[in-house]
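Chemist: Top line first, the protein sequences correspond to chains A and B.
Numbering of the first sequence is given in my numbering, commencing with residue 2 and proceeding in unit increments.
Numbering of the second sequence is given in my numbering, commencing with residue 2 and proceeding in unit increments.
If you are wondering where the hints come from, they were derived from the structure by calculation, not from laboratory data.
Any given hint could turn out to be false.
One copy or two, either will do: identical chains are not told apart, so a pair holds if it fits within one copy or between any two.
Calculated pairs, SDA-like style, for lysine to any residue (alpha carbon to alpha carbon, straight line, at most 25 angstroms) [what the hints assert, rightly or not]:
no., residue 1, residue 2
1, K107, L43
2, K328, G78
3, K283, P135
4, K283, L88
5, K283, E265
6, K283, L264
7, K94, S288
8, K86, S41
9, K86, V272
2 protein chains.
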Amino acid sequence: MAASSGSRSGKSRVIRIALDAMGGDFAPAVPVTGAIEALSELPASCQIQLIGREADVRAELDKHDVSQDRLLVIDAGEVIEMNEKPLAAIRGKRRSSIRVGLELQKAGESDAFISAGNTGAVMAASTLFLGLHPGVDRPAIAALFPTAGKPALVLDAGANVDCSPRELRGFAHIGSVYARDVLGRSDPSVGLLNIGEEEEKGNEAVRNTYELLANDPGIRFVGNVEGRDILSGACDVTVCDGFVGNVLLKFYETVAHLFRGLLEREMEQSVLRGDGMRRVFKVLDYSEYGGAPLLGVRGVSIICHGRSPSRAIKNAIGVALQSVESKLNQHIAAEFASRESVT
Amino acid sequence: MAASSGSRSGKSRVIRIALDAMGGDFAPAVPVTGAIEALSELPASCQIQLIGREADVRAELDKHDVSQDRLLVIDAGEVIEMNEKPLAAIRGKRRSSIRVGLELQKAGESDAFISAGNTGAVMAASTLFLGLHPGVDRPAIAALFPTAGKPALVLDAGANVDCSPRELRGFAHIGSVYARDVLGRSDPSVGLLNIGEEEEKGNEAVRNTYELLANDPGIRFVGNVEGRDILSGACDVTVCDGFVGNVLLKFYETVAHLFRGLLEREMEQSVLRGDGMRRVFKVLDYSEYGGAPLLGVRGVSIICHGRSPSRAIKNAIGVALQSVESKLNQHIAAEFASRESVT
């Protein structure tokens, strides 16, 4: 089983990244621009598949003076809107860009999928069409939180509202592999998000998770971490349920906005427009991180914010490439295969 | 029942605020200094009761050149340490400052209690000695989150790890009364913290709470709010369980620190030390808000951060005074009494 995703990319040296050209608040303009910006930084062996209404995508491409050698347009006549119910939309719209892009990956004709469209639909379709790795109970959204140093990985950031201890342990494993493969942390540490450091703190699910993590030799568990530890580098991977993670992620996204508002109220224009301030806000800018991967599915699926600018799309393409090149999927499969034999 | 707390403060015009002089990382120096700083701003009718080891407190007072007319030292020979188990500590240390201070309030000889000591012990002792208002199932910690405009009230910020829909509805009522009495919001709006705006989002507890709040004529419910809405002023009162609220509060407390670190790395000293920057960080400074009240108990109990500086203690004394003067407890009792007759 573990070899399936590897053999796909092994068949040919070309890495094919599918991008939902109809996803996000500014589609198709922003995804197309993001793809073009990415091309110049991608290796020659990398191809971007733009999935969407062909006429619209080509019209957008025509606005740019760029060689379309490595940009393939794949027609998908339907669009899942942001406010549609995910499952109904996926079932009803067989030619939607989200469904077409993920079916392409399922068929072995694409290596990764990126969308800034309806998050629920991308999650549901990714799980449905790519399936989960054996041993993975639920997929998780892995979000990067900017810090003054290395970004902090928090999962789940919204794929699941309730999580069992076994599922949370699964997130610890998936997150550790991602931290190694894509973030370059050689021996990633895992913290369990809680309201106190002591083992007996928290609700029942969290207390039971503590025990599972503490007794799992495959996880470098550093114990409970609190809200105050996430940005301080206390651990590489912070594990929590998708309710808490989603609230935190969306909360943190507004903090840079609050800072900017306060500074604009109190500081001189010359300071606000200086290079120093630009560097400060670059650190806090989510689009630097591209998107959040849905981990646990047998493939690569990256979810971008609906309001992503083209730079975020470009960076998400980079994350997708790194996920494929690092053989993330083979490593996640191996992580769970080795666990099965132990537990 | 509703008149009990009112009659206490009605007996005499003197308002007596008990301060745990042994609580916090820098006790007794910081609480004593905070009390002295508060005195100059308090009305003449207000008295501060310093609870702690008498010799230690008097030695600290002697360092200050201040009239001790309105500072009463009340001896409490024991101290509950930060790392002690709350219930065992309260039961075992009958002469601890936390217990003495709250028993004083129970006996009608004090109107409010403030502590920067062991949070769990203060919560447990407050509930045990003051009791809960009839109709209140659980007390909640109400935390103020700084914003560019009016601060946002979030509860529960850590008193309860799991909350039933009925308890969450209780927090909405308690929080609304506090927002009116102490924050001066005439018709406070209430949002339910969730991972999406739609009614059907979230876990079961939150979905059921939505229904309760939407059908409660005593609450101005504005629906679900997301993490991104807390700082934007979408509602006056944000209701959530104590796990999520505690994680968010502790997370937010570190954000100003991160921001300061980034600015120090990137900006000139002259900018960092300027008045504009000072005003920015004053907005984000938790000590401006003093402490977080434990609401729902039949009395006034305010919990301060263990690392509170004296300004935070001073401001907590101001919050305590306002809580007593505004008859917060009578209003909370009345809020639940009127609900009982409706539901």
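Chemist: Would you mind marking each hint as holding or not holding in the structure?
Modeler: Structure-based check of each hint:
1. For a Cα distance limit of 25 angstroms, the shortest separation of K107 from L43 inside one copy, 23 angstroms, qualifies, whereas the shortest one across copies, 70 angstroms, does not.
2. Taking the shortest Cα distances, K328 and G78 never come within 25 angstroms of each other, neither inside one copy (32 angstroms) nor across copies (63 angstroms).
3. Within a single copy, K283 and P135 get their C-alpha atoms no closer than 39 angstroms, and across copies no closer than 52 angstroms, so neither meets the 25 angstroms cut-off.
4. Neither within a single protomer nor between protomers do K283 and L88 lie at most 25 angstroms apart by alpha-carbon distance, with minima of 36 angstroms and 47 angstroms respectively.
5. When the C-alpha separation of K283 and E265 is checked against a cutoff of 25 angstroms, the pair qualifies both within a copy, at 16 angstroms, and between copies, at 15 angstroms.
6. Taking the shortest Cα distances, K283 and L264 sit within 25 angstroms of each other both inside one copy (15 angstroms) and across copies (12 angstroms).
7. In this assembly of identical chains, K94 and S288 lie within 25 angstroms of each other by CA distance neither inside one copy nor across copies; the values are 29 angstroms within and 54 angstroms between.
8. Taking identical chains as interchangeable, the C-alpha atoms of K86 and S41 are never at most 25 angstroms apart, the minima being 37 angstroms within one chain and 60 angstroms between chains.
9. Taking the closest pair of Cα atoms, K86 and V272 never come within 25 angstroms of each other, the shortest separation being 45 angstroms inside a single copy and 49 angstroms across copies.
Violated hints, listed in ascending order, are 2, 3, 4, 7, 8 and 9; each of the other numbered hints is respected by the structure.
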